[in-house]
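Q: Take a look at the letters that make up each chain.
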Amino acid sequence: MSRFAQVWRTSTVRLTATFIAIFVIFAILLMAFIGWQSSVQIQRQQTDDIDREVRLFQRIENNQGIRALAFAVDRLSSQPGPGIYFLGDASGLYLLGNVTDVPPEVLIEPGVYSFDYDRPNPWSDDAGLAPGATPSPDAPRRAGVAVVRSVELGNGMRLVVGRDVVERRGYSAIILQSFLVGVVGIILFSVVAGGITARRVLRRIDTIRDTSTKIMSGNLSERVPVTRRNDEFDGLATNLNAMLDRIEQLLQGLKEVTDNVAHDLKTPLTRLRNQAEAALRDKASPEAREKALETVIAESDRLIQTFNALLMIARVEAGAPSGALSVVDVSEIVADVTELYGPVAEDEGIAVESAIEEGITLRANRELIGQAMVNLLENAIKYAKPEDGGKGRISVRLGRERGRVLIAVADNGPGIPEADRKRVLERFVRLEKSRSEPGSGLGLALVNAVARLHGGSFRIEDNGPGVRAVLELPAG
Amino acid sequence: MKILLIEDDREAASYLIQALDEAGHVTHHAADGETGYAMASGMDYDVLIVDRMLPRRDGLSIVESLRAEGDKTPVLILSALGEVDDRVTGLRAGGDDYLTKPYAFTELLARIEVLARRSSPAEAATSYSVAGLTLDRLSRKVERDGETILLQPREFRLLEYLMKNAGKVVTRTMLLENVWDYHFDPQTNVIDVHMSRLRSKIDKGHATPLLHTVRGAGYMIRE
Numbered sequence: 001m002s003r004f005a006q007v008w009r010t011s012t013v014r015l016t017a018t019f020i021a022i023f024v025i026f027a028i029l030l031m032a033f034i035g036w037q038s039s040v041q042i043q044r045q046q047t048d049d050i051d052r053e054v055r056l057f058q059r060i061e062n063n064q065g066i067r068a069l070a071f072a073v074d075r076l077s078s079q080p081g082p083g084i085y086f087l088g089d090a091s092g093l094y095l096l097g098n099v100t101d102v103p104p105e106v107l108i109e110p111g112v113y114s115f116d117y118d119r120p121n122p123w124s125d126d127a128g129l130a131p132g133a134t135p136s137p138d139a140p141r142r143a144g145v146a147v148v149r150s151v152e153l154g155n156g157m158r159l160v161v162g163r164d165v166v167e168r169r170g171y172s173a174i175i176l177q178s179f180l181v182g183v184v185g186i187i188l189f190s191v192v193a194g195g196i197t198a199r200r201v202l203r204r205i206d207t208i209r210d211t212s213t214k215i216m217s218g219n220l221s222e223r224v225p226v227t228r229r230n231d232e233f234d235g236l237a238t239n240l241n242a243m244l245d246r247i248e249q250l251l252q253g254l255k256e257v258t259d260n261v262a263h264d265l266k267t268p269l270t271r272l273r274n275q276a277e278a279a280l281r282d283k284a285s286p287e288a289r290e291k292a293l294e295t296v297i298a299e300s301d302r303l304i305q306t307f308n309a310l311l312m313i314a315r316v317e318a319g320a321p322s323g324a325l326s327v328v329d330v331s332e333i334v335a336d337v338t339e340l341y342g343p344v345a346e347d348e349g350i351a352v353e354s355a356i357e358e359g360i361t362l363r364a365n366r367e368l369i370g371q372a373m374v375n376l377l378e379n380a381i382k383y384a385k386p387e388d389g390g391k392g393r394i395s396v397r398l399g400r401e402r403g404r405v406l407i408a409v410a411d412n413g414p415g416i417p418e419a420d421r422k423r424v425l426e427r428f429v430r431l432e433k434s435r436s437e438p439g440s441g442l443g444l445a446l447v448n449a450v451a452r453l454h455g456g457s458f459r460i461e462d463n464g465p466g467v468r469a470v471l472e473l474p475a476g
Numbered sequence: 001m002k003i004l005l006i007e008d009d010r011e012a013a014s015y016l017i018q019a020l021d022e023a024g025h026v027t028h029h030a031a032d033g034e035t036g037y038a039m040a041s042g043m044d045y046d047v048l049i050v051d052r053m054l055p056r057r058d059g060l061s062i063v064e065s066l067r068a069e070g071d072k073t074p075v076l077i078l079s080a081l082g083e084v085d086d087r088v089t090g091l092r093a094g095g096d097d098y099l100t101k102p103y104a105f106t107e108l109l110a111r112i113e114v115l116a117r118r119s120s121p122a123e124a125a126t127s128y129s130v131a132g133l134t135l136d137r138l139s140r141k142v143e144r145d146g147e148t149i150l151l152q153p154r155e156f157r158l159l160e161y162l163m164k165n166a167g168k169v170v171t172r173t174m175l176l177e178n179v180w181d182y183h184f185d186p187q188t189n190v191i192d193v194h195m196s197r198l199r200s201k202i203d204k205g206h207a208t209p210l211l212h213t214v215r216g217a218g219y220m221i222r223e
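Read top to bottom, the protein sequences are chains A and B. Going by this note's numbering, the first residue of the first sequence is number 1, and it counts up by one from there. Going by this note's numbering, the first residue of the second sequence is number 1, and it counts up by one from there.
It cannot be assumed that every hint is accurate.
Computed Cβ-Cβ distance ranges for the label pairs, DEER-style [said to hold, decoys possible]:
{"no.": "1", "chain 1": "A", "residue 1": "D301", "chain 2": "B", "residue 2": "R157", "range": "42 to 52 Å"}
{"no.": "2", "chain 1": "A", "residue 1": "R452", "chain 2": "B", "residue 2": "D58", "range": "26 to 36 Å"}
{"no.": "3", "chain 1": "A", "residue 1": "A284", "chain 2": "B", "residue 2": "T213", "range": "21 to 31 Å"}
{"no.": "4", "chain 1": "A", "residue 1": "R452", "chain 2": "B", "residue 2": "R137", "range": "38 to 48 Å"}
{"no.": "5", "chain 1": "A", "residue 1": "E287", "chain 2": "B", "residue 2": "R10", "range": "31 to 41 Å"}
{"no.": "6", "chain 1": "A", "residue 1": "Q305", "chain 2": "B", "residue 2": "D9", "range": "15 to 25 Å"}
{"no.": "7", "chain 1": "A", "residue 1": "E401", "chain 2": "B", "residue 2": "R157", "range": "48 to 58 Å"}
{"no.": "8", "chain 1": "A", "residue 1": "R200", "chain 2": "B", "residue 2": "D58", "range": "34 to 44 Å"}
{"no.": "9", "chain 1": "B", "residue 1": "S200", "chain 2": "A", "residue 2": "L293", "range": "50 to 60 Å"}
{"no.": "10", "chain 1": "A", "residue 1": "R452", "chain 2": "B", "residue 2": "Y103", "range": "22 to 32 Å"}
{"no.": "11", "chain 1": "A", "residue 1": "E461", "chain 2": "B", "residue 2": "S200", "range": "29 to 39 Å"}
Where chain A lies over chain B, by a calculated footprint (3+ residues, C-beta under 8 Å) [claimed, not checked]:
{"no.": "12", "stretch": "172-184"}
{"no.": "13", "stretch": "189-196"}
Once the Cα atoms are required to be at most 20 Å apart in a straight line, the calculated EDC-like pairs of lysine to aspartate or glutamate come out as [to be verified]:
{"no.": "14", "chain 1": "A", "residue 1": "K266", "chain 2": "A", "residue 2": "D301"}
{"no.": "15", "chain 1": "B", "residue 1": "K101", "chain 2": "A", "residue 2": "E339"}
{"no.": "16", "chain 1": "B", "residue 1": "K164", "chain 2": "B", "residue 2": "D185"}
{"no.": "17", "chain 1": "B", "residue 1": "K201", "chain 2": "A", "residue 2": "D301"}
Don't read these hints as lab results, they were simulated from the structure. Think of the CB as a built atom: it goes at the ideal place given N, C-alpha and C, for glycine as much as any other residue.
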């Protein structure tokens, strides 16, 4: 594909071309209107002038006689300008004036006429010609066009007064010329400006395409450059980059999950296999066999649970259909789950206090919010054991804050070092201290995914001492 | 009980049939959707166990057709799809209960026994009684041998569900689903803790316990 064809296909160029066309058409119409209007105006002005002069001459003839008229005609004839004067006798013979070759029909019948004639040049243009001076008969002559009014005077003499319209036409020509220059200028300017714009646009699109090509070929760390202009392209680039960040994060997550699945699932599978083998051993007693089989079932139940949790996180991260969200009473969910776990905490010697604002509703998935709440409470119960051996405490809070709904579950356990607070939200991440505890390392990851699905966020804060897990959801 | 199992996985089916037989139930088997539908509409069963994904006709459409024909036989839907939405779709199609694979046989057995019971008129009773224990659903009063037992609202619902299914095993997940209306698996012994509290309220000081733990399955109220 040629560069031109490629440029033509860009919307910028097509848009520019359209605008040029509209602009030119509009300019032509405007100029034509102005030209027509001014020509009409000039014409009217000339006709008025002619009529006034004719009336003036008639008055001079009436009041002061034919000599005064002849003098006046002669004086005006010799002045530079577009004026045309002819005074002839009753038979139409030339007596005075600056034109001699008036067509006969003009002289026969009084009225308004237009005709071609020869006029001395420069007549009207030469401002230097002194008033009263008669132009040299040898002066170069040129074709003129006259608009005249001819009248018959009282004594039968013919008077013709007119204006040369060549000049007026020249004026129109100047308008047309400047207009053409203007239009050509507009076209040239628009083409150049459009071309530059199109090239800039194309270049930025090319940059984005080049980057995406690199990314497609496997270099996921590439990013589309963002300029400081903060225009639509930067908006697009920013979005693309955010999308790439998300993809990279997902891929990273996938990789980690694969690694962790390999590690965290192999261990229970090995145990499972060992138990099954032990049950098959010849020397095993029936009781030992039964016990081994029970362990096998318990072990596989745990594995199934882990798989379920993994699948759930994957499904939640992929984003549930919006139909799965409905208006739910979060206050009720939080209160229910807190109540559900109250006795468990109590049996562990942990005091649970709750401050749950009533009547908070959200567009949410009831099961997922409930599951998140369960995970938070199970975690808190597991870790709410102060290092100094004091009484474990858990506090559950639900409330609104700056247009967000906050669910916070806090304990007074050993807490999580600041460096690990983000990491524990990932799948299978278990800190050294909790390795010995039962659990899949998926609980907080699920809460995190649930928060994201609802357009909220999840974070671990310091409860000094202990952990404060905060699930923040946008108020519906 | 006469049970129809519509399941295409032969191995899973033969295991289930044998286990149900051991539990004292007669089970017919259909290996595809069309056959299953023909058998379900042609014969009278106490419970249908329908796999969701079947050759020739999927499980949900079978249930929908049966319901459209006015067949009220309790249906337990089995599925490898276990998400919340899948469960909702399954129940909306007319299923009475939904069980996700892989499941424990005890769970399945407990559920179909409760389901079969559901179609009997005991459902509408306003009060239940087991031995000396009575529960009045209207006045929300619980007595044992004439002695009033004070229960928390949730404990009342727990006992209500157990007594409605007196003599049947109810599993922990069934309790969580029916009493708390949640469908997740709690990882800790959360139900057991609630049960032990309930037990201390109704059995303490009485010679014969009514609330029994069924090992590897769940709980049961019986004389």
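Q: Compare the structure with each hint and give your call.
A: A quick look at each hint next to the structure:
1. D301(A) - R157(B): 42 to 52 Å: With a Cβ separation near 26 Å, D301(A) and R157(B) fall outside 42 to 52 Å, so the hint is violated.
2. R452(A) - D58(B): 26 to 36 Å: About 32 Å separates the Cβ atoms of R452(A) and D58(B), which means 26 to 36 Å holds.
3. A284(A) - T213(B): 21 to 31 Å: Since A284(A) and T213(B) have Cβ atoms about 27 Å apart, the given range 21 to 31 Å holds.
4. R452(A) - R137(B): 38 to 48 Å: Because 43 Å falls inside the window, the suggested range holds.
5. E287(A) - R10(B): 31 to 41 Å: Once the Cβ atoms are compared, 33 Å apart, the range 31 to 41 Å for R10(B) and E287(A) holds.
6. Q305(A) - D9(B): 15 to 25 Å: 22 Å, holds
7. E401(A) - R157(B): 48 to 58 Å: For R157(B) against E401(A), whose Cβ atoms are near 33 Å apart, the range 48 to 58 Å is violated.
8. R200(A) - D58(B): 34 to 44 Å: Given about 56 Å between the Cβ atoms, the range is violated.
9. S200(B) - L293(A): 50 to 60 Å: Hint violated: Cβ distance 32 Å, outside 50 to 60 Å.
10. R452(A) - Y103(B): 22 to 32 Å: 30 Å, holds
11. E461(A) - S200(B): 29 to 39 Å: The hint (29 to 39 Å, Cβ to Cβ) holds, given that E461(A) and S200(B) are roughly 38 Å apart.
12. 172-184: holds (count 4)
13. 189-196: Holds, because 4 residues of the stretch 189-196 of chain B bring their Cβ atoms closer than 8 Å to Cβ atoms of chain A.
14. K266(A) - D301(A): 15 Å, holds
15. K101(B) - E339(A): Not satisfied, since the Cα-Cα distance of roughly 29 Å exceeds 20 Å.
16. K164(B) - D185(B): 23 Å, violated
17. K201(B) - D301(A): Distance of about 31 Å is beyond 20 Å: violated.
The earlier numbered hints that this structure contradicts are 1, 7, 8, 9, 15, 16, 17.
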